[in-house]
Amino acid sequence: MATPSLARVYDRHKRNLSGDFTALLKRAHTQLEFAEKLAEIRPELKDGIDAAGDLYRQGPSGETDAWVAEIEARLSDAAAVAKGFKIHVVGHGHIDMNWMWSWPETVSQTHDTFESVLNLMDRYPDLTFSQSQASVYALMEKYHPETFERIRAQVKAGRWEVTAAHWVEGDKNLASGESLARHLMYTRRYFQERFGLSPEDVPVDWEPDTFGHANTIPGILVQGAVKYYYSCRTGGGHHHERVGEERPPVFWWQGVDGSRVLVNRETTWYNSYVNIGENFALPLVPFVKETGLSQWLNVFGMGNHGGGPTVNEIEWIRLAATFPCYPTVEFSTSRRYFEAIEAEIDGGVTVPTLDHELNFEFTGCYTSQSAIKRANRFGENFCTEAEGMVVATGLGGRDSLLREAWLNVLFNQFHDILPGSGIAATREHALGLFQETGAITGAIKREAGKTLAADIDTASLLPDEPEAYQELDDIDAGRANRIFEGGVGLGAMLSGISQASTGGRRYHPIVIYNPLPFARTEMVQVDLWDIDLEPGRIVARGEDGRQAPTMVAYRSPNSMAEWGHMKTTVLFPATDVPAFGYKTFLFCEGEPDSDFPTVALSDNEKFDTPGLKFQLDRYKSGFGQIARQGEDDFSYGYPIG
270 MATPSLARVY DRHKRNLSGD FTALLKRAHT QLEFAEKLAE IRPELKDGID
320 AAGDLYRQGP SGETDAWVAE IEARLSDAAA VAKGFKIHVV GHGHIDMNWM
370 WSWPETVSQT HDTFESVLNL MDRYPDLTFS QSQASVYALM EKYHPETFER
420 IRAQVKAGRW EVTAAHWVEG DKNLASGESL ARHLMYTRRY FQERFGLSPE
470 DVPVDWEPDT FGHANTIPGI LVQGAVKYYY SCRTGGGHHH ERVGEERPPV
520 FWWQGVDGSR VLVNRETTWY NSYVNIGENF ALPLVPFVKE TGLSQWLNVF
570 GMGNHGGGPT VNEIEWIRLA ATFPCYPTVE FSTSRRYFEA IEAEIDGGVT
620 VPTLDHELNF EFTGCYTSQS AIKRANRFGE NFCTEAEGMV VATGLGGRDS
670 LLREAWLNVL FNQFHDILPG SGIAATREHA LGLFQETGAI TGAIKREAGK
720 TLAADIDTAS LLPDEPEAYQ ELDDIDAGRA NRIFEGGVGL GAMLSGISQA
770 STGGRRYHPI VIYNPLPFAR TEMVQVDLWD IDLEPGRIVA RGEDGRQAPT
820 MVAYRSPNSM AEWGHMKTTV LFPATDVPAF GYKTFLFCEG EPDSDFPTVA
870 LSDNEKFDTP GLKFQLDRYK SGFGQIARQG EDDFSYGYPI G
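Taken in order, the sequence shown gives residues 270 to 910; the numbers are from our numbering.
Worth flagging that the hints you see were computed from the coordinates, not collected in a lab.
Mixed in with the good hints, there may be bad ones.
[What the hints assert, rightly or not] In silico EDC-like cross-links for lysine to aspartate or glutamate, where the CA-CA straight-line distance does not exceed 16 Å:
(1) K411 / D395
(2) K355 / E611
(3) K558 / E309
(4) K411 / D381
(5) K882 / E900
(6) K558 / E305
(7) K306 / D316
(8) K882 / D901
(9) K496 / D615
(10) K496 / E462
(11) K496 / E515
(12) K352 / E599
(13) K306 / D346
(14) K852 / D724
(15) K315 / E302
(16) K425 / E374
(17) K315 / D346
(18) K875 / E858
(19) K411 / E599
(20) K496 / E608
(21) K425 / D470
(22) K352 / E341
(23) K852 / E831
(24) K852 / D813
(25) K836 / E900
Use the sequences and the hints to build the structure in full.
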C-alpha cells in the first residue's frame with residue numbers, strides 16, 4: 270500500500286483538529302516537509318526523517334503538543350543540519366512606474382506602500398525593508414515630505430536598505446551608455462546629498478523586472494561602485510519561451526571589458542508572496558544543491574502596484590524562524606546576503622561565469638510604442654548635445670536645468686515605459702516629459718549657440734567686393750532683414766533647437782557646431798531664410814576661402830507657406846568640423862571648387878498602392894511626397910515615427 274503524501278495527511282488531520290491544535294499541526298507539517306526535501310541533498314538523514322514521518326501519518330494518540338514534540342525529537346539530526354543553512358528574508362514592494370496606471374496613481378501607491386512599511390517597522394522592531402529606484406524617494410521628498418523624513422530615519426537606523434543604484438529600474442537594452450552612466454551619476458549624487466550614503470554604501474543594483482541586460486552593463490556598473498546585481502528576467506530556460514539554457518541561480522557576469530558583478534537570479538520570482546502556512550524554505554534546497562552555497566535570499570512582499578510586506582507574512586516568517594528543524598531565518602538586507610555568499614565563494618565555492626548578454630528580447634517590447642522609443646533617443650541626444658555646448662562655450666548657470674532634462678529621460682527608461690508595455694496614460698506622461706526635455710535643452714543650445722556666435726567675426730568671410738560691403742552697411746543700419754527672424758521655432762521638435770536665423774539676403778553666415786567627440790565630414794542641411802540668391806549658384810564659402818557646392822532640397826512656393834517668410838533648404842558637404850567645435854560658412858553666389866567630395870544620391874523610391882502613391886525621402890527617413898491615386902496634388906511628408 271502506497272504511503273500517503275504529507276499534503277493528504279495534513280488535510281485529514283486538519284479536519285479532525287481545530288484552534289491551537291491546527292497551529293501545532295502546521296508546525297509539525299512544515300518541519301517534516303522541509304526535512305524530506307533536505308534529505309534530497311543529505312540522504313544520511315533519511316532514517317530519522319522517515320521515523321518522524323511515520324509518527325506524523327499515524328496522527329496524535331494523546332496530547333497534540335506531545336505528539337509534535339516527539340516528531341521534532343525524531344528530526345533532531347535533520348534539525349542540526351537545517352540550522353546550518355540561512356535564509357536572508359528581505360521585505361520589498363516592487364513599484365512599477367506608470368505601468369497600467371497614470372502618474373498620480375504611481376505617486377499614491379508609492380506613498381501608501383511606504384507608509385504601510387514604516388508603520389510595520391514601528392510594530393515589528395526586527396523587520397527590515399529594501400527599496401530600489403531613486404525616483405520613488407524623490408517623489409516622496411516632493412509630494413510627501415513627512416513620509417520622506419520617516420524613511421530617512423529608518424535608513425539611518427539600518428533597517429531600510431537603499432538598493433537604488435539607478436534612477437529607475439530601467440531597460441538596459443534600449444538605453445544608451447551615456448544614459449546608463451547618468452543613472453549612476455545622478456542617483457549616487459542624490460543619495461549622497463539626501464541620505465549621506467556614498468556609492469560604496471549602495472553596492473547592489475536591484476533590477477528584478479528589467480527586461481534586458483546588454484553585455485556592456487558590468488563595465489558601466491563597476492565604474493559606478495556596483496558589485497552585486499539582483500535580477501529575475503535573465504533569459505534562457507522556460508520563462509516566456511526564452512532561447513538558451515536556464516541561467517544559474519548565482520553567477521559572475523563578465524562584461525566585454527573584463528569587469529564583472531556577482532548576480533543573484535531570483536528563482537522564486539521577485540513578488541514572492543509568503544502566505545500563512547506556506548513553506549517558504551523549500552526552494553532553499555534546490556538552490557543549495559545547484560550552487561553549493563549555504564545561504565539563500567528570499568524576497569517577500571506584495572508588488573508591481575506596490576504594497577510591500579503584510580502582517581500575515583511577517584507573523585508567519587517570525588513563527589517559522591522558531592521551528593527547530595528549519596533553516597536559520599533572519600530579516601536581512603540584500604547587501605548582507607551578497608556579502609555572505611561572496612565570502613563563501615572566496616572560501617572555495619565555485620560559481621560559473623557568464624560573458625554574454627542576458628535576455629536579448631522581451632516579446633513585443635522592443636517594437637511597440639515607437640513614439641516613446643523615438644523620443645528617448647532624441648532626448649538622450651538633446652541632453653548630451655546641450656552638455657557639450659555648455660562646456661564648449663562656457664555658458665554657466667544651467668546645471669539644474671540639465672539635471673531636470675536628464676532625469677526626465679532617465680525616468681522614461683523605466684522597464685514598462687521605454688519598452689512600451691504601458692497604456693495610453695503611460696505614453697501621454699512620457700511624451701510630456703520628453704517635450705519638457707526638448708524645451709530645456711533647446712533653450713540651452715540656443716543660448717550656447719548665441720554665446721559661441723557672438724565671438725565669431727563672420728564679416729571676415731565676406732569677399733572683397735562692393736556688394737558685400739554694401740550689405741554689411743545695410744545690416745548695421747537696420748536696412749536688411751537682420752532683426753526680422755525667419756523660421757521662428759520651426760524644427761525644434763526634431764532637433765531641440767529652432768531653425769530661426771537672421772542675416773543678409775545676398776551673404777548669409779551660418780555656424781556649424783559638432784557636438785560629438787570626433788571630427789566629422791558630413792552632408793549638412795541648412796535652412797536659409799529670405800535670401801536673394803540664384804538656387805543653382807549657391808555655394809558655402811568656408812573660413813579658408815574654399816567654396817563648397819550645394820544642392821537645393823526645397824524652396825517655399827510662397828511666403829504664406831512659411832509664416833510670412835521664404836525658406837530655401839540646401840545640402841552641402843561640411844569637411845573636418847572639429848570635435849566639440851565649429852566651422853563658419855558664408856552662403857552666397859559663386860562657383861564651387863572642383864575638389865570637394867560629392868555624395869551620390871540614388872533616386873528616392875516611388876511606390877504605388879491601390880489608394881495611394883508616395884515617394885520616400887532617404888535623407889529625412891520618411892515620406893517625401895504622398896497623394897491619392899488619380900490626383901496630382903502631392904503633399905509633402907514628414908519623418909516616419
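Going down the list of hints, with the structure as the test:
1. About 29 Å separates the Cα atoms of K411 and D395, which puts this hinted pair outside 16 Å; it is violated.
2. Restraint check for K355 and E611: satisfied, since their Cα atoms lie roughly 14 Å apart, inside the 16 Å limit.
3. For the hint pairing K558 with E309, the CA-to-CA distance comes to about 9 Å; that is within 16 Å, so the pair holds.
4. Of the supplied pair hints, the one linking K411 and D381 holds, its CA atoms being roughly 15 Å apart against a limit of 16 Å.
5. Restraint check for K882 and E900: satisfied, since their Cα atoms lie roughly 9 Å apart, inside the 16 Å limit.
6. As the CA atoms of K558 and E305 are separated by approximately 14 Å, the hinted pair is consistent with the 16 Å bound.
7. Taking the CA atoms of K306 and D316, the gap is about 14 Å. The hint holds against a cut of 16 Å.
8. Only pairs whose Cα atoms come within 16 Å are accepted, and K882 paired with D901 is accepted, the gap being roughly 10 Å.
9. With a C-alpha separation of about 14 Å, the suggested pairing of K496 with D615 holds against the 16 Å cut-off.
10. The suggested pairing of K496 with E462 is violated, with an alpha-carbon distance near 22 Å, which exceeds 16 Å.
11. Distance hint between K496 and E515 is unfulfilled; the C-alpha atoms sit about 23 Å from each other, more than 16 Å.
12. Pair hint K352 plus E599 holds up; C-alpha atoms about 12 Å apart against a cutoff of 16 Å.
13. Restraint check for K306 and D346: satisfied, since their Cα atoms lie roughly 14 Å apart, inside the 16 Å limit.
14. Between the alpha carbons of K852 and D724 the distance comes to roughly 13 Å, so the proposed pair stays at or under 16 Å and holds.
15. Pair hint K315 plus E302 holds up; C-alpha atoms about 12 Å apart against a cutoff of 16 Å.
16. Distance restraint check for K425 and E374: the Cα-Cα separation of roughly 28 Å exceeds the 16 Å cut-off, and the hinted pair is therefore not satisfied.
17. Taking the CA atoms of K315 and D346, the gap is near 10 Å; set against the 16 Å cutoff, the hint holds.
18. Distance restraint check for K875 and E858: the Cα-Cα separation of roughly 33 Å exceeds the 16 Å cut-off, and the hinted pair is therefore not satisfied.
19. About 34 Å separates the Cα atoms of K411 and E599, which puts this hinted pair outside 16 Å; it is violated.
20. The suggested pairing of K496 with E608 holds, with an alpha-carbon distance near 10 Å, which does not exceed 16 Å.
21. For the given pair, K425 sits about 12 Å from D470 by alpha-carbon distance, which is consistent with the 16 Å threshold.
22. About 14 Å separates the Cα atoms of K352 and E341, which keeps this hinted pair within 16 Å; it holds.
23. The suggested pairing of K852 with E831 is violated, with an alpha-carbon distance near 28 Å, which exceeds 16 Å.
24. The hinted pair formed by K852 and D813 meets the criterion: a straight-line CA distance of about 10 Å does not exceed 16 Å.
25. The straight-line distance between the Cα atoms of K836 and E900 is roughly 26 Å, outside the 16 Å bound, and the hint therefore fails.
Checked against the numbered hints given earlier, the structure breaks hints 1, 10, 11, 16, 18, 19, 23, 25 and satisfies all the rest.
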